[in-house]
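A.B. asks: Sequence:
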Amino acid sequence: MRYMTIYMVRKHGMNEINLVDAKAHLSELVDRVEAGDSIDITRRGKPVARLTAVAKPRKPIDVALLRSLTAVMPAQSESAADLVRSMRDSDRY
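The letter at position 82 of the sequence shown is residue 82 when you use the numbering used here, and the numbering goes up by one with no holes.
Since no wrong hints were added, every one of them can be taken at face value.
Below, simulated DMTMM-like cross-link-like pairs (lysine to aspartate or glutamate); rule was C-alpha separation at most 25 Å, straight line:
| no. | residue 1 | residue 2 |
| --- | --- | --- |
| 1 | Lys59 | Asp31 |
| 2 | Lys56 | Glu34 |
| 3 | Lys23 | Asp37 |
| 4 | Lys59 | Glu34 |
| 5 | Lys46 | Glu16 |
| 6 | Lys46 | Glu34 |
| 7 | Lys56 | Glu28 |
| 8 | Lys56 | Glu16 |
| 9 | Lys46 | Asp31 |
| 10 | Lys23 | Glu34 |
| 11 | Lys59 | Asp37 |
| 12 | Lys23 | Asp40 |
| 13 | Lys46 | Asp21 |
| 14 | Lys56 | Asp31 |
| 15 | Lys56 | Asp40 |
| 16 | Lys56 | Asp37 |
| 17 | Lys46 | Glu28 |
Since the hints were made in silico from the structure, they are not lab data.
Throw the hints in and build the complete structure from the sequences for me.
C.D. replies: Dropping the structure here:
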């Protein structure tokens, strides 16, 4: 992703940009929004719009398929906590 060379103000976890700069750098703003940012667009210092990513529709989970896949998996011989502890102790992460 390209780095924006314009001035953006960070306020309450949101990015803020004035309308003139937003027009000039719309493509870069869209890249940032796709990456998870949300950007407030201001006119004369007052917020007038918010640029956010479109929520992607979630694909439903096929519970029967998930159960059939996990049913054939062998049981784990040690607990997850013990596995993580042994990996941490052996520096294998």
